Amino acid sequence: MDIFFQQITNGLLLGSIYALVALGYTMVYGILGLINFAHGDIVMVGALVALSVMMALGASLPGVAVLLIAAGAAMVVCVVLGLFVERAAYRPLRRAPRLAPLITAIGVSILIQYSAALIWGKQYISMPELVKPAKIVIGGVQITSTQAFIFVLALSIMAALLWFVKTSRMGRAMRATEQNPDVAGLMGVDTTRVIAFTFALGAAIGAIAGVMVVLYYGQGHYFMGFMLGLKAFTAAVLGGIGNIPGAMLGGMLLGLIESLAAGYIGDITGGLFGSNYRDVFAFLVLVLVLMLRPSGLMGVRSGDRA
Amino acid sequence: MNRRQLMHTAAALAMALALSACGDKAPPAAQKAEAPAAKAPEVQVVKIGVASPTTGAQAHIGIDIRNGVQLAIEDANKAGITIGGKAVRFEMVAEDDEANPTKATTVAQKMVDSKISAMVGHFNSGASIPASKIYADAGIPQISPASTNPDYTLKGYKTTFRVVAHDGQQGPVLARFALNQLKAKTIAVIDDSTAYGQGLADNFEATIKAGGGKIVAREHTTDKDTDFKAILTKIRGRNPDLIMFGGIDPQAGPMVKQMAELGIKAKFIGGDGMQTPNYIKLAGDAAEGTMASIPGLPKEQMPGGAEFLAKFKARFGKDVELFAPMGYDAVMVFIEAMKRAGSWEPAKILPEVGKTNFNGVIGPIAFDEKGDLRNGPITIYVVKGGKWEPLETVTPGAAQAAPAANAADVAKK
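Just so you know, the sequences run in chain order A and B.
56 is the number of the first residue of the first sequence in the numbering used here; add one for each residue after it.
19 is the number of the first residue of the second sequence in the numbering used here; add one for each residue after it.
Check each hint, because a few of them may be wrong.
Straight-line alpha carbon distances no greater than 30 Å define the calculated BS3-like cross-link-like pairs of lysine-lysine that follow [what the hints assert, rightly or not]:
#: 1; chain 1: B; residue 1: 285; chain 2: A; residue 2: 187
#: 2; chain 1: B; residue 1: 104; chain 2: B; residue 2: 65
#: 3; chain 1: B; residue 1: 201; chain 2: B; residue 2: 121
#: 4; chain 1: A; residue 1: 190; chain 2: B; residue 2: 65
#: 5; chain 1: A; residue 1: 190; chain 2: B; residue 2: 283
#: 6; chain 1: B; residue 1: 373; chain 2: B; residue 2: 405
#: 7; chain 1: B; residue 1: 176; chain 2: A; residue 2: 190
#: 8; chain 1: A; residue 1: 187; chain 2: B; residue 2: 242
#: 9; chain 1: A; residue 1: 177; chain 2: B; residue 2: 104
#: 10; chain 1: B; residue 1: 283; chain 2: B; residue 2: 176
#: 11; chain 1: B; residue 1: 104; chain 2: B; residue 2: 121
#: 12; chain 1: A; residue 1: 190; chain 2: B; residue 2: 203
#: 13; chain 1: B; residue 1: 65; chain 2: B; residue 2: 366
#: 14; chain 1: A; residue 1: 190; chain 2: B; residue 2: 201
#: 15; chain 1: A; residue 1: 187; chain 2: B; residue 2: 133
#: 16; chain 1: A; residue 1: 187; chain 2: B; residue 2: 128
#: 17; chain 1: B; residue 1: 65; chain 2: A; residue 2: 177
#: 18; chain 1: B; residue 1: 201; chain 2: A; residue 2: 177
None of these hints come from the bench; they were simulated from the model.
Bear in mind that the values here come from a model prediction, so they are computed numbers and not experimental data.
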């Protein structure tokens with residue numbers, strides 16, 4: 056039973072990272088109807104910027120301070136990059152057919168990946184150990200203090216985002232733009248600004264997710280955003296793309312599905328499928344959701360946009 | 019091994035090395051220029067080829083091999099060797115294969131066209147294998163100083179040899195080490211689903227089963243993954259004494275870290291793909307006490323090691339990286355074969371290369387019928403104080419049984 060609970064814990068931890076990245080996909084989709092495939096790569100840039108800062112500062116400052124500076128730098132770079140991508144690649148195509156921005160997004164994704172390969176090289180970059188994590192054992196389930204911190208922070212960010220979208224003036228403008236950009240514009244909402252803000256917010260949350268991935272796995276790589284992005288996109292679709300609580304739910308569920316599939320599929324199928332089929336399950340979920348419930352678990356209204 | 023092991027070299031470092039590579043090109047050119055004037059015209063010139071990546075991320079390893087070959091040729095020329103009653107002077111034909119399989123075949127063709135008698139190379143298995151066809155077609159004997167992929171000698175060519183143990187020998191060595199020295203009873207095996215990783219793990223598993231060990235879990239991941247929590251949690255439930263991983267360091271590093279996070283107490287062992295400094299960086303403190311094997315003896319422990327290291331340092335002003343002794347010995351194996359054959363014709367020396375029985379810098383060299391090194395030693399390293407330290411050297415053949423039995427006796431007493 057220990058093992059089962061440990062797998063659940065692993066799944067929730069992984070899921071919290073997926074959920075944060077999925078938010079970036081879902082917010083942009085909700086407002087623009089655009090699947091921003093470059094979002095995973097923005098997360099990657101955040102991770103690599105944070106790694107560079109960590110290595111540059113090293114042990115010159117207390118570990119926590121280095122971590123904060125690294126996260127701050129990653130957020131600044133990602134927000135600037137997110138705004139630039141929106142301005143340069145997507146804004147000119149706002150009135151273009153739907154396929155044009157989608158293909159552009161894939162192009163931007165590849166551009167960011169290989170720019171990162173030029174800047175940071177193609178090797179894996181490892182994180183210097185900043186804070187020595189303590190072990191936490193709860194009834195046979197082991198986690199480290201770093202992982203607990205990641206989980207709590209992810210939940211806090213999600214709660215803060217929900218609160219922000221629900222109560223703030225900008226949040227209201229975002230919801231209005233999501234419902235109908237033209238009418239929102241007539242009501243005095245500066246939709247261009249709202250869209251840019253959405254990209255910036257998604258990129259900032261993505262940057263934090265990138266730092267979390269670095270903390271969790273202790274390494275980064277120019278290609279790391281690709282698979283992470285696809286998984287997060289799957290999570291967003293699972294929860295109902297365009298729906299913010301849906302992305303959170305989808306992320307958590309996907310993490311759990313992957314963890315349990317990898318842990319038990321070998322035994323259930325008598326060794327026919329091994330744990331290397333983990334990713335297959337993630338994408339099987341994507342296919343099933345698209346076939347059976349295209350609007351996702353929590354998406355109702357956005358069905359016509361899928 | 020080679021490519022995997024070195025993919026982590028930072029770009030900046032690579033550039034610095036590439037620059038130093040340019041500097042290194044001077045000596046062979048100078049040697050060529052002075053030689054004709056020094057010797058009488060009736061001296062026969064015998065060309066020996068060497069190809070390795072001397073630019074790019076692996077340049078330091080490639081130059082190391084070329085320097086080993088150059089040193090051997092200089093030593094041979096100093097000794098004034100006669101072959102078939104004729105004074106000969108050896109000449110090195112060096113080419114850069116850029117660690118690129120396509121470039122390697124171009125280089126191989128160039129070697130054949132420049133009428134070399136024998137070939138030392140290449141470094142990467144991915145380069146040695148396609149090039150081997152061209153040397154085989156031309157009937158030129160080829161000794162790779164470093165390629166460990168078993169396929170290299172399995173193409174059915176009579177011209178391919180190597181002076182390192184291959185990956186197929188590593189798995190069984192690791193398995194016997196696990197059973198006899200580590201006394202592991204229950205073992206979990208993970209591989210990265212690549213030809214290298216899965217091959218290594220399969221060889222390991224087969225030997226463990228034959229030796230009476232119990233495989234409690236056999237898991238697969240991929241060479242792109244970094245999350246092994248689910249696999250490791252499952253393995254934790256089986257409580258093995260040892261976890262073996264067939265794969266390379268970008269996976270091995272985080273895997274060991276995640277083992278520690280999950281509180282897994284099992285020992286950890288792998289192959290040469292993870293025996294890198296980068297692994298230790300990726301795994302952090304969790305690397306301590308983990309083990310990995312690599313073909314060959316530690317350079318300090320080679321029979322001719324101390325002398326060779328000093329000579330190499332004096333000649334090139336830097337330390338041996340890895341494969342220079344193998345490059346040196348490959349040349350010496352060829353020269354010995356030429357002496358026995360009384361000829362420098364590739365067709366005449368080829369049968370003699372197969373009969374080699376030579377004490378080189380790396381130890382005794384003899385080839386089996388496939389051209390693989392007989393009883394090529396494999397060294398197991400352990401991470402101690404953040405560094406790879408040699409733990410034990412074993413040879414894949416029967417020789418292993420003796421020390422193992424002794425160890426068992428000691429344990430009983």
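Checked hints:
no.	hint	result
1	B/285 - A/187	22 Å, holds
2	B/104 - B/65	15 Å, holds
3	B/201 - B/121	46 Å, violated
4	A/190 - B/65	63 Å, violated
5	A/190 - B/283	14 Å, holds
6	B/373 - B/405	39 Å, violated
7	B/176 - A/190	58 Å, violated
8	A/187 - B/242	27 Å, holds
9	A/177 - B/104	52 Å, violated
10	B/283 - B/176	48 Å, violated
11	B/104 - B/121	36 Å, violated
12	A/190 - B/203	28 Å, holds
13	B/65 - B/366	15 Å, holds
14	A/190 - B/201	29 Å, holds
15	A/187 - B/133	61 Å, violated
16	A/187 - B/128	55 Å, violated
17	B/65 - A/177	38 Å, violated
18	B/201 - A/177	39 Å, violated
Hints 3, 4, 6, 7, 9, 10, 11, 15, 16, 17, 18 from the earlier list are contradicted by this structure; the remaining hints agree with it.
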